[in-house]
Amino acid sequence: GAGVSQSPSNKVTEKGKDVELRCDPISGHTALYWYRQSLGQGLEFLIYFQGNSAPDKSGLPSDRFSAERTGGSVSTLTIQRTQQEDSAVYLCASSPRGGGQTYEQYFGPGTRLTVT
Amino acid sequence: GDSVTQMEGPVTLSEEAFLTINCTYTATGYPSLFWYVQYPGEGLQLLLKATKADDKGSNKGFEATYRKETTSFHLEKGSVQVSDSAVYFCALSEVNNNAGNMLTFGGGTRLMVKP
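Going line by line, the protein sequences match chains A and B. In terms of our numbering, the first sequence opens at residue 1 and continues consecutively. In terms of our numbering, the second sequence opens at residue 117 and continues consecutively.
The shape of chain A in the complex, shown without the other chains (with noise of 0.2 Å):
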């Protein structure tokens, strides 16, 4: 079946632009998470959704980062006034619930964001 796709794969952007990243998850998948993978960083983990419901935001770097998820399905990660440090890969998984028991996650190819 399908997995979990994003879009777009790259994105360049200038500094100060507004950037949108799309997380199409596997159906029927109700946890949702975002991670970002970055030279100086590794892997680390920004926010994660039981449904349309993100519990704790307080893993996005700053208030330049919002996201949202809408209908149990797509959701889609914002970052305004981009900046250099933002630069990094975008990732995105799904499980089948988050919580309870641990739960396989499913990631996708992600999205290189660029800020130049």
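Incorrect hints may appear among the rest.
If the Cβ cut is set under 7 Å, some of the chain B residues that face chain A in the computed set are [unchecked claim]: (1) Leu162; (2) Thr167; (3) Ala169; (4) His190; (5) Ala215; (6) Met218; (7) Phe221.
Cβ pair distances, simulated, as ranges [as the list claims (entries may be wrong)]: (8) B:Lys168 x A:Gly72: 38 to 46 Å; (9) A:Glu20 x B:Asn213: 23 to 31 Å; (10) B:Glu131 x A:Thr70: 42 to 50 Å; (11) A:Ser58 x B:Asn138: 26 to 34 Å; (12) B:Gly125 x A:Ser9: 49 to 57 Å.
In short, the hints are calculated from the structure, not lab data. In this text, a Cβ means the ideal position worked out from N, Cα and C, and glycines have one as well.
Place chain B on chain A using the hints.
Frame of chain A; chain B shown alone:
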């Protein structure tokens, strides 16, 4: 907070050599442990996992044993192949109401296998 430490790479081996990638962790509770692999140009894939002490995860000839007494989850393979060349990430997960099963990753270890 939770953390994962793994050996830095790159690790360069000849084909059919024995592989060990060390991984240790600190956690507040009783985590599940994972190894993920990232092949060139591909996304992260789960390689193996273990959810309780003394469990052994295995897949594709790779093995790792959950050692609670040493807080370790070292990855091993008896005979590596060129196709095993990739970046390997050790990770842990603790159930958290606000973060689900968020993964905490180590820094990754690049493995290069030469023919």
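Quick rundown of the hints versus the structure:
no.: 1; hint: Leu162; in the structure: holds (5 Å)
no.: 2; hint: Thr167; in the structure: holds (6 Å)
no.: 3; hint: Ala169; in the structure: violated (14 Å)
no.: 4; hint: His190; in the structure: violated (19 Å)
no.: 5; hint: Ala215; in the structure: holds (5 Å)
no.: 6; hint: Met218; in the structure: holds (5 Å)
no.: 7; hint: Phe221; in the structure: holds (4 Å)
no.: 8; hint: B:Lys168 x A:Gly72: 38 to 46 Å; in the structure: violated (31 Å)
no.: 9; hint: A:Glu20 x B:Asn213: 23 to 31 Å; in the structure: holds (28 Å)
no.: 10; hint: B:Glu131 x A:Thr70: 42 to 50 Å; in the structure: holds (49 Å)
no.: 11; hint: A:Ser58 x B:Asn138: 26 to 34 Å; in the structure: holds (31 Å)
no.: 12; hint: B:Gly125 x A:Ser9: 49 to 57 Å; in the structure: violated (26 Å)
Hints 3, 4, 8, 12, counting from the list given before, are not met by this structure.
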